[in-house]
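Peer 1: The primary structure of each chain is shown beneath.
2 protein chains.
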Amino acid sequence: MNIDVNEAIGFGAAVLTTIAFLPQVYKTWKTKDVSSLSLPMLILFFIGIVLWLVYGFLKNSPSMIFANAITVISALLLLYFKMKYK
Amino acid sequence: MNIDVNEAIGFGAAVLTTIAFLPQVYKTWKTKDVSSLSLPMLILFFIGIVLWLVYGFLKNSPSMIFANAITVISALLLLYFKMKYK
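Order-wise, the sequence lines are chains A and B.
Here full-length UniProt numbering is used: the first residue of the first sequence is 1, the next is one more, and so on.
Here full-length UniProt numbering is used: the first residue of the second sequence is 1, the next is one more, and so on.
What the hints contain is simulated information worked out from the structure, not anything from laboratory work.
Glycine included, every Cβ here is placed at the ideal spot set by N, Cα and C.
Worth double-checking, as some hints may not be accurate.
Below, a list of computed lysine-lysine pairs in the DSS-like style, where the Cα atoms sit at most 30 angstroms apart [stated by the list, open to error]:
1. A:32 with A:86
2. B:82 with A:82
3. A:32 with B:30
One-sided excerpt, in silico: chain B residues whose CB lies under 10 angstroms from chain A [claimed, not checked]:
4. 50
5. 53
6. 63
Isolated chain A (complex conformation) (with noise of 0.2 angstroms):
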């Protein structure tokens, strides 16, 4: 198996900036707590993310496709909740 260091550092960030957001969904679900979640920053990520997913797709990058439709989804709940609970 050939490893690419460069990559598998790409692929941990990957990784980690995607699972980053499941605690921070999982507490605001359980908590009901948006006090402290900034809107504009919810509204200017979930925009983001979303331009990457269809960066993704034009770029034919799977890797890119699967992270940014599990950080889409987390960036509209949250968003969802921020909205809800506020």
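Since the structure of chain A is provided, determine the placement of chain B on it from the hints.
Peer 2: Coordinates of chain B only, in the frame set by chain A:
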């Protein structure tokens, strides 16, 4: 000027997911309210962005380096606020 639609979308994505954290940093700094921010999210996200920054250097990508250098500062500030104001 040669405009590549794919790269314009990628650039827009990078700009949005970079500036998204600035209103969060500002809000957290002003309110000192970190109650609804997830500590595991901040730790995973910070390490992930450090890896993206390293990957940007390894790939000699000025835009990845620039975007992630800003985001790593945002992530570090949020992590610092979370630990200081908890």
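Peer 1: Taking the hints in turn, state whether each one holds.
Peer 2: Against the structure, the hints come out as follows:
no., hint, result
1, A:32 with A:86, "9 angstroms, holds"
2, B:82 with A:82, "19 angstroms, holds"
3, A:32 with B:30, "22 angstroms, holds"
4, 50, "8 angstroms, holds"
5, 53, "8 angstroms, holds"
6, 63, "12 angstroms, violated"
Checked against the numbered hints listed earlier, the structure breaks hint 6 alone; every other hint is satisfied.
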